[in-house]
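Starting from the known structure of chain A, fit chains B, C and D onto it as the hints suggest.
Chains as they are written, first to last, in our numbering: chain A, 1 to 325; chain B, 1 to 325; chain C, 1 to 325; chain D, 1 to 325.
Don't read these hints as lab results, they were simulated from the structure.
Hints should not be assumed to be uniformly reliable.
Copies of the same chain are indistinguishable here, so a pair counts whether it falls within one copy or spans any two.
Quick list of in silico lysine-lysine cross-link-like pairs, DSS-like style, CA-CA up to 27 Å [unchecked claim]:
(1) K302 - K28
(2) K325 - K259
(3) K97 - K259
(4) K86 - K7
Treat the numbers as computed from the prediction; the structure is a model and nothing was measured.
Protein chains: 4
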Amino acid sequence: MTMEEKKYGVLVSVFSPCGERFLPAGYKSDLSLEEKLERIAATECILGVELDYPTDFEDPTKLKPLVARFGLQVSNVEIDLFGHSKWQYGSLSSTDKKVRNEAIELCKRGMDGVVELGCNQISLWLGQDGFDYPMQVDYRSRWQNIIASIKEVGNYRADVNVCLEYKVKEPRTHIQLGTVGKALSIANSVGLKNVGVMLDVGHAIMAYENPAESAALLSEFGRLFYVHLNDNFGFWDDDLIPGTVHLWETLEFLYWLEKLGYDGWYSLDMFPYREDPVAACVQSVKNIETLIEIARKLDQEKINLLQEASNATGMIDLLRNAVLK
Amino acid sequence: MTMEEKKYGVLVSVFSPCGERFLPAGYKSDLSLEEKLERIAATECILGVELDYPTDFEDPTKLKPLVARFGLQVSNVEIDLFGHSKWQYGSLSSTDKKVRNEAIELCKRGMDGVVELGCNQISLWLGQDGFDYPMQVDYRSRWQNIIASIKEVGNYRADVNVCLEYKVKEPRTHIQLGTVGKALSIANSVGLKNVGVMLDVGHAIMAYENPAESAALLSEFGRLFYVHLNDNFGFWDDDLIPGTVHLWETLEFLYWLEKLGYDGWYSLDMFPYREDPVAACVQSVKNIETLIEIARKLDQEKINLLQEASNATGMIDLLRNAVLK
Amino acid sequence: MTMEEKKYGVLVSVFSPCGERFLPAGYKSDLSLEEKLERIAATECILGVELDYPTDFEDPTKLKPLVARFGLQVSNVEIDLFGHSKWQYGSLSSTDKKVRNEAIELCKRGMDGVVELGCNQISLWLGQDGFDYPMQVDYRSRWQNIIASIKEVGNYRADVNVCLEYKVKEPRTHIQLGTVGKALSIANSVGLKNVGVMLDVGHAIMAYENPAESAALLSEFGRLFYVHLNDNFGFWDDDLIPGTVHLWETLEFLYWLEKLGYDGWYSLDMFPYREDPVAACVQSVKNIETLIEIARKLDQEKINLLQEASNATGMIDLLRNAVLK
Amino acid sequence: MTMEEKKYGVLVSVFSPCGERFLPAGYKSDLSLEEKLERIAATECILGVELDYPTDFEDPTKLKPLVARFGLQVSNVEIDLFGHSKWQYGSLSSTDKKVRNEAIELCKRGMDGVVELGCNQISLWLGQDGFDYPMQVDYRSRWQNIIASIKEVGNYRADVNVCLEYKVKEPRTHIQLGTVGKALSIANSVGLKNVGVMLDVGHAIMAYENPAESAALLSEFGRLFYVHLNDNFGFWDDDLIPGTVHLWETLEFLYWLEKLGYDGWYSLDMFPYREDPVAACVQSVKNIETLIEIARKLDQEKINLLQEASNATGMIDLLRNAVLK
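Just chain A, same shape as in the assembly (with noise of 0.2 Å):
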């Protein structure tokens, strides 16, 4: 592998136990951050690691050389509004406002964190304000709390994006900022140039997106600001390898993200419940890598006729023969 591999960041998450709900404990032992580090650097291909406040860290002063020790760069912080019981009802879309204050501040402190680390990015995954059942929630108080706070976080400091991860569904049966199209017409909303969206390849996948379509969707719009990728069988945030199932819309989706002049992280976001982490990472980026190239070598004009006539099957006659031994 080449420079190209510069840009690979992966969750520090990818190299917990992995525990489930059959197996809450996990199928492998659990790492201290100071050891999953390391093994992100053993995978030799990898340079950005994402890390969630409070969970992995709680001082940036603290983290910064650690991270630097390793050779490695800090490319995201996610704020954990997911991971306690605290926020099962909700956090920045909780009818408490005690709860959404705390959840609000818990981001502003997270972005006073990234700029210690070098970083200038925190991403929210709202996984908990959502709903399980029918009636369960007032949509439309919950609607405009998120709205709000989002406002408010964003209006924080501008020196820092804000980075919406939307997610149909899991941990709540229905999460409301679940789509492309739910994510961007918030992100446009609150309408400040820091906040923008992160497309993760799996959830886009898991709505019946096309994540090539979202991207170039959220970059009309200037919102595409950070991708996650793995792969899934369509229904269930799988987090698999990218490539493992979806490999025409893998390859489309890093296709177009050169097309539309991305030059962020390429980060990885899987749960490799029963693999190697190491080796799914690495895995990972000889898959993306070996796409990156076959993306760059397609014959451009040729693409755009076929494009201009949506010629499915001149389509799959190039790319059979561009892609496929």
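For chains B, C and D alone, coordinates are given in the frame of chain A:
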């Protein structure tokens, strides 16, 4: 049934032979428009009729007395941007400027037509504006075309509302204007008062939306213009009789329409392949009326408290007692 | 509630902290088995308790008096072939003969144990016997292993029923024993009187089955041994309170259980992450009782005529009048 | 392409106008059977033709020379139990003995017909034998009818194979013979050597099956009789060109067909609404040929070791290197 019935509408296509790909000629014989209107009047509970322009009529001056003869009103006119092979690769998004302009002109003529019919609204369902295969189209230029075309249509005359009807798939495997969030983003981005959204309950459900939440979100931005009622099994636009699958969500949707102050039509969009369409309409209205009556009797104060607390078990108790015999 | 309540059971895991991958420690504190049984008794409507062997108990002679102390009975014992990382690549289907034999021996010990408990049944949920990625396993040898293992378990002692619980996915992206048809094929192929099927309503729904139809099919072959009640949104095993999403299908399922002469337990398998489990059980039983009462009052003769004619609108009319207030 | 091409077949319906419910007349003009056969011959890579009896032909003695004239063979004849409104509430499962007998007689006449055509197989796709709404039918008697009818058909003459083609939905919202497991259960229960299963890859995928696993399971019981190739997005029978969505599963399926010793036809069942059907067939065969060639070059020994260990990352490495350029 009572005066409530006044607000019910139906698409005349409900009275079509209901052809599908394995039986294109359909499950029953074809009727003339006059015969269809007669059947609609025979339901004795439906006042509004939705027609397709120009499939169902070309000359509004001839249509108007025909509709009036049966004591009906035109509740909406959908522009046929999907039912002719010339739109097979898109209408308002087409890469072919000639096709795109033809689509835009058709919308404008439709807007002029509805005014003559005493109706102030057209709907645009961009069912062919999408793609079937990965890599088939250039998403960016197509989104730009969609936005520009809708803007031009909306600007044509401010006295006619333009309703964007979203749907995630069929007849394309992917339709661009697919979800409530995308429709809202586009409507907001166009930024005209007369451009809003048609919420088809079945389309919402097949996109894993909660229809009531979609209504609340659209309403928050003043974009909830019109609703279609029907039901399905969550994966496809089965176009079944309302409330026959998603009872709780249908009840909730009707409850929220009143809560949001929606005072428009309650229009039926179904494909009763094997059912008598008159019976299907009557059962639909009876289901809706029954659920509206139940919704109105719900204890608002209790609901507010339960929703404030996201109290699912309390809500389930309340609903069982209020809804089931 | 009346004597009907006698047949209700519940899995003790309903009273677990309900951990999931984003909150492995769960939404509430851990309880001892004794505390869980106490809570179950506190529902005052549940008699049967399902336990996991050996997770919940190792020594049946110690368990028996504990269960009896709370006035409960053991309705079923599931063998833990999924909740330990040693099964991560399969238990009864494992390519490793040692693992496979360990699984088989565990089943046999469980069978001996249930007899001591005055229960005549174990259930096998092969949640880890599957695959996550295409090409990951050799399907043929795994199916052969599944069949041979189940045969050996079933043959171990004829006085204990062996219930195969099918589920299409989770924790693997694909579980081999996934659908009613596969479970029935395997049970029939094993060809033992004491090998049958556990029908979990939520598992049926997430496989796009109609649970009543699955029950009827199993019953036709004498393989309907036990049922789990719960609900979900059709895509995932949300493990919600029964009847809160699929009201009509739940009613139909309860109607068919009586029609088929099913006289076994009605057991609750839920994951009430954010709900009080006692309240969740009480609401479940109330929903079920209400629907059973409604089902019993349905006009059988009319139903027969309507079903003879596949008359959907007639049935909808009948159901609305019989079910809704 | 080489001699491999000899085994390819196609349904003549691929050359239909491809009508659907929004455009029943279809996207292209209607062709005579002769014209369809001419187009099939023009693909220069397809030898087998699947026809529908009696829709495509009534008199086999007239059909035989027509097919031969184009150098084609009849690979399979499907009995039309779905494309006429008389079957709208079921054919072999109908509650109406007259309808049921008519369906059975049609199958028998079809069996006689195929023998005259030098083909030894009919296929039964029971697309109308199901239900649209909860409570619409009596599942028990319908399953009994399905089993009894298939038994009668299978017993009619042992020299003709009867292939059961399963599909989970469309045109009914629920088809009884829906999954590989149900089809296998029924075929096994009927217990005749000449009754087996047609595996349509798209139908398997829309039922969340892995097609290779379904093939292996059927083969284990000697019931894998015939295959249809196509692709879709997992939720609906999109009938796309094979390998254009599920590349890995298609490769795996082709790999397994050879591993299982399947030596029957590779038949295309697609609906190329907007594509030239000749081009769609040629691209399909090229995709399949390419994937078969890749599959044959896979390192069997390595695969065995990796599958023995369920080693996903190892397999992903092997596949990327073997498949992608």
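Practice problem: Would you list, in rising numerical order, the hints stated earlier that this structure does not obey? | Solution: Going through the list in order, the structure violates hint 4 alone and respects the others.
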